[in-house]
Amino acid sequence: MVLEIWAEKYRPRMLADVINQKHVTDRMKAFVKDKHIPHLMFAGPAGTGKTTMGLALARELYGTEWKKNVLELNASDERGIDVIRHKVKEFARTKPIGGVQFRIVILDEADALTQDAQQALRRTMESHTGISRFILICNWSTKIIEPIQSRCAVFRFRSLSEDDIKTYIDRVAKSEKLDLDGGAVNAIIEITEGDLRRVSNLMQSAASLGSKISQDSIYDAASRAKPNDVRDMLNQAISGNFSESRKMLQDLLLKQGLAGSDVLSEIHRQIYSFDMPEEKKMVLIDKCGEYDFRISEGGNELIQIEAFLAQVSLLSKK
Amino acid sequence: MLTEKYRPDKLSAYVGQKSAVEDFVKWMRDWKPGKGVVLHGPPGVGKTTLVYAFARENNIDLIETNASDLRSSKELSETMSSAVSQKSLFNRGKIFLFDEVDGISGYEDKGGVGEMIRIVESSKYPVVMIANDPYSKKLYELRKRADMVAFRKLTVWDVMKRLQLIADAERVFVSRDYIHDIAKKSGGDMRSAINDLELVCRSVKPTVEDMRHSGLREREVSIFDAMGALFKATSARMARDSIGNVDKEPDEIFWWIENNITGEYEDPEEVAKAYDMLSRADVFRNRIRSRQNWKFLAYMIDMMTGGVAVSKKAPYRKYVRYQYPQNIAIMGRTKGSRAATKEVFSIMTKELHCSSRKIKWEMLPYLRIMAKEDGFRGGLEKEMKLEEGALDFLA
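Which chain is which? The protein sequence lines are A and B, in order.
Residue numbering for the first sequence follows this note's numbering, beginning at 2 and increasing consecutively.
Residue numbering for the second sequence follows this note's numbering, beginning at 0 and increasing consecutively.
Keep in mind the hints are simulated off the structure, nothing from the lab.
Be careful, since some hints might not be right.
In silico lysine to any residue, SDA-like type, Cα no more than 20 Å apart, as pairs [said to hold, decoys possible]:
hint : chain 1 : residue 1 : chain 2 : residue 2
1    : B       : 334       : A       : 260
2    : B       : 341       : A       : 260
3    : A       : 227       : B       : 363
Calculated from the model, a selection of chain A residues having no Cβ within reach of chain B, i.e. all distances over 10 Å [to be verified]:
hint : residue
4    : 6
5    : 36
6    : 37
7    : 56
8    : 91
9    : 173
10   : 179
11   : 194
12   : 216
13   : 225
14   : 233
15   : 301
No residue lacks a Cβ here, since even glycine has one placed at the ideal position from N, Cα and C.
Let's have the full structure, built from the sequences with the hints guiding it.
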């Protein structure tokens with residue numbers, strides 16, 4: 002348990018502590034009682050408790066030794082077919098330890114799995130049902146192929162309400178003895194869009210800037226955490242300095258190791274605030290989509306985003 | 000080098016510079032001891048060549064020093080005295096040729112100019128000096144003892160005639176348009192034009208027919224030359240052929256092209272077009288990789304060479320220092336540190352239950368703020384059982 006980071010420190014351990022999502026929690030408790038679960042799929046927005054639910058379920062099923070029977074994988078890091086064929090298969094076909102019926106594979110960010118990997122997973126899920134269960138976690142269940150969905154009990158996680166978020170903020174504030182006013186709470190709710198991981202990060206960042214947390218300190222922390230590098234890079238391109246923006250992109254992708262798709266969706270978000278005629282913004286959004294498509298076709302992120310930046314330089318000059 | 004191979008060895012083969020040729024020939028005929036001559040003009044217009052052709056045609060020995068020789072007063076006088084004392088075979092005449100005299104260094108070639116003046120004054124043979132800038136201060140004293148013959152820039156037409164002749168002799172087909180382009184680009188500098196032509200000759204693969212007739216071998220082209228030929232190319236085919244003899248994988252050449260677009264092209268429209276072509280080439284590149292289908296290689300190469308080359312409005316007449324691909328350099332340089340951070344991230348992934356991509360994009364900006372607090376980094380390192388200093392990158 003990493004206590005230095007609040008997002009981990011305040012991650013609920015038990016099913017009962019998971020914020021909202023009562024429709025899911027009740028079913029999970031029933032599974033624990035039966036000591037039996039089907040394959041599960043948790044789908045829903047970021048920061049609403051999907052991973053937390055999976056971990057809490059495992060903990061309640063297996064107790065303190067839970068880690069021995071759980072394989073936690075993140076498909077965004079290990080998305081290829083090799084992982085499914087070897088790592089997952091190897092784990093799934095090994096007998097559970099400590100007298101339980103089955104082991105659990107938690108496959109987080111499963112929507113990042115390639116098509117091939119999903120096909121391979123389908124077989125694995127079927128052939129070892131006796132001794133292993135899968136919990137697939139994703140934002141969009143539509144990105145998971147039909148045959149896998151049909152093998153799972155699908156649970157949709159709701160966006161959290163303002164009250165839910167307030168409950169969580171209070172929980173953290175009380176435990177950390179934070180001095181937090183109403184303006185700050187509203188600012189947190191506005192900025193974090195119902196994502197509890199961001200709530201934790203934002204609160205902790207603001208707290209590290211000063212002991213008293215106000216609306217201002219929340220906004221301050223939020224603006225420092227914004228992807229300013231992407232904005233600076235775009236500004237260089239807009240002012241016609243393509244070479245400089247290209248260098249900054251190389252820095253983001255090659256030195257900082259950011260994912261091109263994250264950079265590109267941030268670019269997409271920022272196009273609206275460019276200082277140029279609306280018509281041109283639409284041209285750029287169209288281009289952005291085209292290069293994004295080429296990346297999804299397997300194109301190189303550096304080249305494709307560079308090509309987009311060159312378009313920005315051209316368009317803002319005309 | 001074609002410039003050496005096709006240096007005219009008689010006056011009749013010499014192109015252009017009519018008045019300079021006349022002046023020089025007359026000066027040689029009328030020469031009396033105590034006087035030198037300075038041939039001056041821009042680079043590559045035939046100053047040295049004229050002296051060579053004249054000497055050859057008239058069976059005169061050339062005793063030459065140029066900027067590659069050390070030209071201090073001591074060196075000069077030694078070279079000259081040994082040359083003078085040495086009886087020439089068949090009692091031929093001699094010319095002392097001081098090439099690139101404005102390149103005499105004030106320091107290394109100490110006393111060189113003074114010695115040259117002494118030689119001009121005392122020589123029993125004509126002393127010919129060559130300079131780009133005869134009015135340089137260094138040569139002030141020398142000018143008083145020399146006649147001046149001016150060379151002009153060559154016309155595009157003069158250069159074209161010569162290039163065509165060389166291309167024919169080399170049995171390479173180069174289009175009239177391209178020859179015209181090279182000639183125009185040269186700005187009247189025959190030497191640079193011939194060098195440019197040589198690039199093309201080297202990058203065009205000779206046909207089997209050529210190989211049989213001339214014994215011409217495929218020669219390896221350096222990546223720098225290939226970049227020059229590619230970016231200056233005026234047709235897609237020419238651009239494609241430019242990389243034909245480069246000993247590098249298409250993938251690496253791809254990044255060479257990518258890295259040098261901004262150095263070559265100045266118009267944003269050209270840059271945007273060129274990058275879009277590369278982006279298309281990249282799509283084919285991936286089709287090759289993901290399907291192991293090498294059929295697509297031809298398309299990838301066409302797009303990255305021809306596509307990029309035709310993105311310009313007209314070839315740039317400038318010297319570009321083509322650079323080694325930045326991204327390959329960065330990847331090479333950061334190999335160690337990337338492996339180390341990857342290690343750290345894989346631990347963080349487990350402890351924080353999210354992907355390294357999410358950690359980089361969503362957590363790091365906040366972690367950087369948190370890390371400003373004393374003890375945060377150390378505490379986190381301890382909790383995650385990381386080495387001390389492993390999280391220094393957060394600072």
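Right, here's what the structure says about each hint:
1. 334/B - 260/A: The hint holds at about 18 Å.
2. 341/B - 260/A: The given pair, whose Cα atoms are some 14 Å apart, holds under the 20 Å limit.
3. 227/A - 363/B: holds, 11 Å
4. 6: Per Cβ check, residue 6/A is inside 10 Å of chain B; nearest 7 Å; violated.
5. 36: holds, 24 Å
6. 37: holds, 24 Å
7. 56: Label violated. Min Cβ-Cβ 7 Å, cutoff 10 Å.
8. 91: Holds, because the least Cβ-Cβ distance between residue 91/A and chain B comes to about 18 Å, which exceeds 10 Å.
9. 173: Holds, because the least Cβ-Cβ distance between residue 173/A and chain B comes to about 14 Å, which exceeds 10 Å.
10. 179: holds, 14 Å
11. 194: holds, 12 Å
12. 216: Answer for residue 216/A: holds, closest chain B Cβ roughly 17 Å.
13. 225: Residue 225/A is in fact no farther than 10 Å from some Cβ atom of chain B, at 6 Å.
14. 233: Answer for residue 233/A: holds, closest chain B Cβ roughly 14 Å.
15. 301: Given a closest Cβ separation of 5 Å, the condition is violated.
Figure legend: structure checked against the earlier numbered hints; hints not met, in rising order: 4, 7, 13, 15.
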